[in-house]
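A.B. asks: Sequence:
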Amino acid sequence: MMLYLITGSMRLVQAVVSHMASRKKGKIVNVGSVTVMAPGPWSGDYTASKAALHALTDTLRLELRHFGIDVINVVPRAVRSNIGNSAIASYNRMPEWKLYKPFEAAIRERAYFSQRSKSTPTDVFAKDTVNTVLKKNSTSLVLI
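First residue of the sequence shown: 371, per this note's numbering; consecutive thereafter.
Treat the hints as calculated values from the structure; they're not laboratory data. Just so you know, not all the hints are guaranteed correct.
To be verified - Below 30 Å or equal to it, Euclidean Cα-Cα: the simulated DSSO-like pairs (lysine-lysine) are:
(1) Lys395 <-> Lys505
(2) Lys506 <-> Lys394
(3) Lys505 <-> Lys397
(4) Lys394 <-> Lys505
(5) Lys497 <-> Lys394
(6) Lys506 <-> Lys395
(7) Lys505 <-> Lys488
(8) Lys395 <-> Lys497
(9) Lys497 <-> Lys397
(10) Lys397 <-> Lys468
Said to hold, decoys possible - Cβ-Cβ distance ranges computed for the label pairs, FRET-style:
(11) Gly438 <-> Asn462: 46 to 52 Å
(12) Gly414 <-> Val386: 17 to 23 Å
(13) Val404 <-> Met464: 23 to 29 Å
(14) Met464 <-> Lys505: 40 to 46 Å
All C-beta atoms in this analysis are idealised placements derived from N, C-alpha and C, irrespective of residue type, glycine included.
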């Protein structure tokens, strides 16, 4: 997961940064995760991949500000999505781990942790993100 997340983000940046630099303006927005700030069990690969993205975002911010390019890290709280179903589908494809069998209920519960009733609907998150990021003086870290 981590390799794809970082590689995909870097390829996108490489595709647009020359154009943005020639215009001396632009915004690169990456979507991180609040789990980086408060990691929990059963989500190490996801949290590690998002931590890597946070670090990449911070580094790009330092490297690209000279060119007039803002780099923003959006850190959403719980957003309604398909992440729980995807996590369980992946878990179900894994071979049985006897070591973790006593924790299976907790692992399954953790997969749906962000999908409870207080999670933000996806369309609301998208609108809030766009409105915040498009502000003239948006900050480098946006909690939504």
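A.B. asks: Of all the hints numbered above, which does this structure not satisfy? Sort the numbers upward.
C.D. replies: Result: hints 10 and 12 break, sorted rising.
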